[in-house]
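*Asks:* Each chain, written out:
Protein chains: 2
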Amino acid sequence: MSGPGTLYGIGVGPGDPELMTLKAARLLGHAGVVAYFHKRGHQGHARTIIGAHLTRAREELPLEYPLTTEVPSQDESYAQALTSFYDASATAIAARLAKGDDVALVCEGDPFFYGSFMHIYHRLSGQHAIEVVPGITGMQACWTQAGTPITYSDDVLQVLPGTLSEEALVTRMRVADALVIMKLGRNFAKVRRALTTVGLADRAIYVERGSMAGEIVLKLSDKPDDSAPYFSMLLVPGRGRCL
Amino acid sequence: MSGPGTLYGIGVGPGDPELMTLKAARLLGHAGVVAYFHKRGHQGHARTIIGAHLTRAREELPLEYPLTTEVPSQDESYAQALTSFYDASATAIAARLAKGDDVALVCEGDPFFYGSFMHIYHRLSGQHAIEVVPGITGMQACWTQAGTPITYSDDVLQVLPGTLSEEALVTRMRVADALVIMKLGRNFAKVRRALTTVGLADRAIYVERGSMAGEIVLKLSDKPDDSAPYFSMLLVPGRGRCL
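Protein chains in written order, with this note's numbering: chain A, 108 to 350; chain B, 108 to 350.
Read the hints as simulated data drawn from the structure, not as lab findings. Quick reminder that beta carbons are idealized off the backbone N, C-alpha and C, glycines included. Hints are not guaranteed to be accurate.
Partial chain A-side listing against chain B, Cβ under 8 angstroms, derived [claimed, not checked]:
no., residue
1, 130
2, 239
3, 264
Restricting the straight-line Cα-Cα distance to at most 20 angstroms, the calculated cross-link-like pairs of lysine to aspartate or glutamate (DMTMM-like) are [what the hints assert, rightly or not]:
no., chain 1, residue 1, chain 2, residue 2
4, A, 297, A, 329
5, A, 290, A, 332
6, A, 290, B, 284
7, A, 290, A, 182
8, A, 290, A, 273
9, B, 290, A, 332
10, A, 290, B, 261
11, B, 290, A, 261
12, A, 290, A, 333
13, A, 297, B, 261
14, B, 297, A, 261
15, B, 146, B, 171
16, A, 330, A, 309
17, B, 326, B, 309
Could you put the whole structure together from the sequences, leaning on the hints where they help?
*Replies:* Given below as structure tokens:
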């Protein structure tokens, strides 16, 4: 018995398996158990990304989200279902750690940047050894694939969720030099209106599935419709100073 | 003759050489020429990071910044000197590309996120093949090492340069849920006052040399002085929702 295991919260990057760090790949190679979040009927993005790196069989611990249809996230039943789910997930992971296994919980992007990982982290830190490995975020894949530097020199960057009200979006857009807008989906038309109001629509770039198969990069002004799937973002690059 | 070479703008991450991506390591292994920015008398952070990965000799192309003492960046002579420097650097890189060499220009963090790389990128894109590889940013190293998730769910993240006026800092801090504040240096006392004004000083975390030797992580309230070297940041993590 070598004592309890370590939980590794591993950022596996935005999609391209080569955009994982050397550290992530090394730890993934050693972990006895690989855990990942997923929706029913889907393998999950993080598990898909690491597929090519899992060169030997090991125990897998899939953590299936309880909600597959969209329940409004303001709904109390949504919060309760997720709380129970994270409780159960943390318990399942803790059981492996207690057995002495190291567990790699793989996360798309960066574990500490808008992820589900923190809900496990808050439940287990202090009681178990935890190490976090940062990963390339989806927004970085988007600005890289769009071929556009996002920030220069003294630019202010804002990362905004499209879920904000139109007024809240406009208020924040007015005090930014560069923008990343996520969670578009049904918010797309509202976000476009806000960008138009502040005079930034002409500079905005739409990126869908950055660094993945089926990637799309368009000027917002060239996008005729207002549909936007899960893996999509709008970017407004800063303009910095020409040197 | 195999045709002109490709310029690779390679993000090598924040400091720990293992936080480079697999793609960065692979491309670095193949490039005929390795280029990097540095100040006089210093090797440069990016060159230091890749040291362990340069397993065979190859041509190095150091690009030395013309200013080693701090000239106010608003100064016209500063802008002129840098413009000439980037012109000359782009010309030197283009000469290697024309010879058929691939050139890896290594950049700390992510090439498109507050970097010098874009000044080369803007000069050479359209005329040469360029591929950019994103890298883990310094701010990601800082929040990882501080053990603090930075953003949850619908949080608004702002990345602010400490160079802004106190009033501009306060205006932006008021409409953010999470903050990353860079370029502290002589701006530290001003940034601390702004955080105090908006009631965020108690939540702020100071990180120096995240993921490097000599790392320091402190609550801002535990930091007695107002000194802050180049590799330092303040973080105000979002609070999201407890699930």
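*Asks:* Take the hints in turn and mark each one as holding or not.
*Replies:* Each hint, compared with the structure:
1. The criterion of a C-beta within 8 angstroms of any C-beta in chain B is met by residue 130 (chain A), whose closest approach is roughly 4 angstroms, and the hint holds.
2. The closest approach between the C-beta of residue 239 (chain A) and any C-beta of chain B is roughly 5 angstroms, which is under the 8 angstroms cut-off, so the hint is satisfied.
3. Annotation: interface hint on residue 264 (chain A) holds; nearest CB of chain B at approximately 4 angstroms, less than 8 angstroms.
4. A distance of roughly 17 angstroms separates the Cα atoms of residue 297 (chain A) and residue 329 (chain A); the hinted pair therefore holds under the 20 angstroms criterion.
5. Our distance criterion of 20 angstroms between C-alpha atoms is met by residue 290 (chain A) and residue 332 (chain A), whose separation comes to about 16 angstroms.
6. Restraint check for residue 290 (chain A) and residue 284 (chain B): the C-alpha separation of about 16 angstroms stays at or below 20 angstroms, so the hint holds.
7. Proposed proximity of residue 290 (chain A) and residue 182 (chain A) is supported: the alpha carbons are some 18 angstroms apart, at most 20 angstroms.
8. For a cut-off of 20 angstroms, the pair hint linking residue 290 (chain A) to residue 273 (chain A) stands: about 14 angstroms separates their Cα positions.
9. Simply put, residue 290 (chain B) and residue 332 (chain A) have alpha-carbon atoms about 40 angstroms apart, too far for the 20 angstroms limit, and the pair is violated.
10. Under the criterion of a C-alpha separation no larger than 20 angstroms, the hint pairing residue 290 (chain A) with residue 261 (chain B) is consistent with the structure, at around 9 angstroms.
11. Between residue 290 (chain B) and residue 261 (chain A), the direct Cα distance comes to roughly 9 angstroms. Compliance with the 20 angstroms bound is thereby established for this hinted pair.
12. Taking the CA atoms of residue 290 (chain A) and residue 333 (chain A), the gap is about 13 angstroms. The hint holds against a cut of 20 angstroms.
13. Straight-line distance between C-alpha atoms of residue 297 (chain A) and residue 261 (chain B) comes to about 16 angstroms, which keeps the hinted pair within the 20 angstroms bound.
14. Only pairs whose Cα atoms come within 20 angstroms are accepted, and residue 297 (chain B) paired with residue 261 (chain A) is accepted, the gap being roughly 16 angstroms.
15. Restraint check for residue 146 (chain B) and residue 171 (chain B): satisfied, since their Cα atoms lie roughly 5 angstroms apart, inside the 20 angstroms limit.
16. Restraint check: the Cα-Cα separation between residue 330 (chain A) and residue 309 (chain A) comes to about 11 angstroms, which is no more than 20 angstroms; the hinted pair holds.
17. Between residue 326 (chain B) and residue 309 (chain B), the direct Cα distance comes to roughly 8 angstroms. Compliance with the 20 angstroms bound is thereby established for this hinted pair.
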